[in-house]
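Chemist: The lines below spell out each chain.
Number of protein chains: 2
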Amino acid sequence: MPYKHIIDNCFVNRIGAGGVSADCFRRFLAKGSAALSEITGSADQETQAILRIPEQHKDLETIQPVADQLRECCKDLLVVGTGGSSLGARTLCALSQTATPRLWFLENIDPDGVDPIFDNLDPKRTGAVFISKSGSTTETVGLTMIVLEWLLENTSSNAPSERCVAITERGDNPLHDLARGYKFSVLEHDPFIGGRFSVFSSVGLLPAAVAGLDIAAIRQGARELAETCLKDPASAAPVAGASLAAAFADELDISISVLMPYRDRLAGLALWYRQLWAESLGKEGRGTTPVQATGTVDQHSQLQLYLDGPADKWISLVTCPAANTGRTIPADLASEAGQGHLAGKALGDLLDAFSSATAEALAQHGRPVRELRLDALDERSLGALMMHFVLETLITARLWNVNPFGQPAVETGKTLAMSRLAGPKGRLA
Amino acid sequence: MPYKHIIDNCFVNRIGAGGVSADCFRRFLAKGSAALSEITGSADQETQAILRIPEQHKDLETIQPVADQLRECCKDLLVVGTGGSSLGARTLCALSQTATPRLWFLENIDPDGVDPIFDNLDPKRTGAVFISKSGSTTETVGLTMIVLEWLLENTSSNAPSERCVAITERGDNPLHDLARGYKFSVLEHDPFIGGRFSVFSSVGLLPAAVAGLDIAAIRQGARELAETCLKDPASAAPVAGASLAAAFADELDISISVLMPYRDRLAGLALWYRQLWAESLGKEGRGTTPVQATGTVDQHSQLQLYLDGPADKWISLVTCPAANTGRTIPADLASEAGQGHLAGKALGDLLDAFSSATAEALAQHGRPVRELRLDALDERSLGALMMHFVLETLITARLWNVNPFGQPAVETGKTLAMSRLAGPKGRLA
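First to last, the sequence lines map onto chains A and B. Those letters in the first sequence? Residues 1 to 429, by the working numbering. Those letters in the second sequence? Residues 1 to 429, by the working numbering.
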């Protein structure tokens, strides 16, 4: 596997009472393995669609040419979507070092955030991908209409058909209607894969391909991980992770799960994980709260609380060795500053020293911490890691008897917002 | 005051058992008022320095000319600092619409994040502000040396003295040594104001002034807020806020405090708050965990958990009316998409509709929620709001009998990291 799952510092024998006992872990692991078997054997269409998508190849033959076409004609690409329609793609695209097209994620509807983006773009060289499974997410549909109007006003009437793509479910919906009206193409959103599980579908892979990434390698990483799990559930990393998550919550009252990557390019991963975990498990009074952090910056913000606040957290570090990479601290300046121990050290050396020291400090303070250590920061590793978290979430849902799909509670708020928008204009002023 | 503190949806009579009873609130409010009196009457130098700094004027006469000089000679400015040395300035600078100098916050040491910044800058037109209270934060000192070397290699040897400034404590420390060696100026960091309380000092205000903001207005907002508190503690917003925070934690086992601004320019505020709250209160097993979120995007990520997960959260929305601002949804497209109710609505209308609907949905689900509603997104309002959170934190610390200063637990990790860096090079490979 392209990552290591290091869980030693989750156990009583290493960190004391804050850890799980070997007996307890064995019990939960048995349940976790059984849960995985149930999931893989399930006839549920959503579950099967999520498990099977990494094996697919054929749809890549559709996605890649669409991406190539956008790469060719666009200097900038707007990716319009929110929540599960953007977080996965953002996480993947952060890997890319390609300079063009530049990708702009339009996720929010704050005028201060939206207006300046248009001011910086050439409408003749800008394309857009509009993503909404239902095709009716208000923010996305609103922004889609604004983008289309901007293209139509500032360029030829063919612009949408040449440079726009929608990803949405088959059938009648507002986004589909707009695609039909303005003659741009639609990639079908798998009806059985909800937004937060959609990173391995066109939702994640079309933007990734536009960003120049090897999307087959992303699927390959995910596939390898899934296969490993099926082959040997009892020693599969996601099964161990889910079993620990459940053991911590059910036996040790740990209510918070911190994901702290130690690479800037993985900062978005923690936001993607946050949605995956929160929306899948936060139901009927169950769930634990995911918290995102980034190392080392959040050592200077959150670490005091993690080490010495309430013992209500399980901390997952994501690392990828950076030793000997990056700029080097010059020896003469280090000596002038009395920092001889830093002379000749690369920034990556500092990063590695801090991540391993933080893991050790947490363990010394009796706080459970695991490390997911990637071999490399590439498509295959990230695909495997994201599939790890997908499986971990599905297994935990089964352990807690929670339906991981849908987000039923948010309907109240949507209905209230719509009634405000439908009301007399004066109410909004 | 330039903001309203709307707390109705924190009480039993509005949201049911998830809220605080009137009796309970009265009890905590009495303690909170007493705590504020103790704080203002305290002879403790740290407390006094934090309370008094908004009243100062004289130091602005030093800060502003330094900023003007940097504005004049720099196209880009690197702000090198981490944690409390950057989060406050970032939050303030997000208000600015000024295009030059562009500000780059160098907070992390990941080579992937650092290297591309240098590639995009002209060393002849780039300045730097280096910020570390102790002058010895490893990441900051390391980055300082790298920036200095880059300036020296790519421009004249006078570059540091012309375009660099350090903010650090008086006395011998690595940052001071570098300033001496390379002849750049030093603004003294107040020895009694720790990083996370330093936003109203040169730490926050020098970058803000470079970004073209009215730093006197920031202080003015903070001062007005502090004065209001002193005049009438029992009805002051930060006293009510701290009393609620303590009541929720102590009586209702609420362990998580979510700060969710509904404006992109306030996204950084939630990260600043996160540090302030976590490092000040997360001690000796006490504290609650701050979580940052941004509306509306995180409605599509976290809201399901907030509404229907464990009842362990108190949610603070920060809003600022945006009605009638931003691009408008074109009527013809809205009609073609079957979204007539959105025709002619501005993006700001959508934002306001969603923030008030979310507050109502949370209340309907029995989850405590308050709103801090700013009159305007400007220096005075933001100054007042940040002072609100500073006071709320200090009062809560007093209620919980926690020392809000220092972050003693993180020393373990620093020592471990240093021993790794001092060890034989091979250990890092």
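A hint or two may mislead.
Which stretches of chain A does chain B cover? Using the computed rule of at least three CB atoms under 8 Å from a CB of chain B, they are [unchecked claim]:
id, stretch
1, 16-30
2, 172-178
3, 212-221
4, 232-239
5, 336-349
Keep in mind that the hints were calculated from the coordinates and are not lab data. For each residue, glycine too, the CB sits at the ideal point set by N, CA and C.
Chemist: Take the hints in turn and mark each one as holding or not.
Modeler: Status of the hints after comparison with the structure:
1. 16-30: Coverage by chain B is violated for the stretch 16-30 of chain A (0 residues, Cβ < 8 Å).
2. 172-178: Contact hint for the stretch 172-178 of chain A vs chain B: holds, 4 residues under 8 Å.
3. 212-221: Contact hint for the stretch 212-221 of chain A vs chain B: violated, 0 residues under 8 Å.
4. 232-239: As far as the stretch 232-239 of chain A goes, the hint is violated, because 0 residues have Cβ atoms under 8 Å from chain B.
5. 336-349: holds (count 11)
Against the hints set out earlier in the document, violations occur for numbers 1, 3 and 4.
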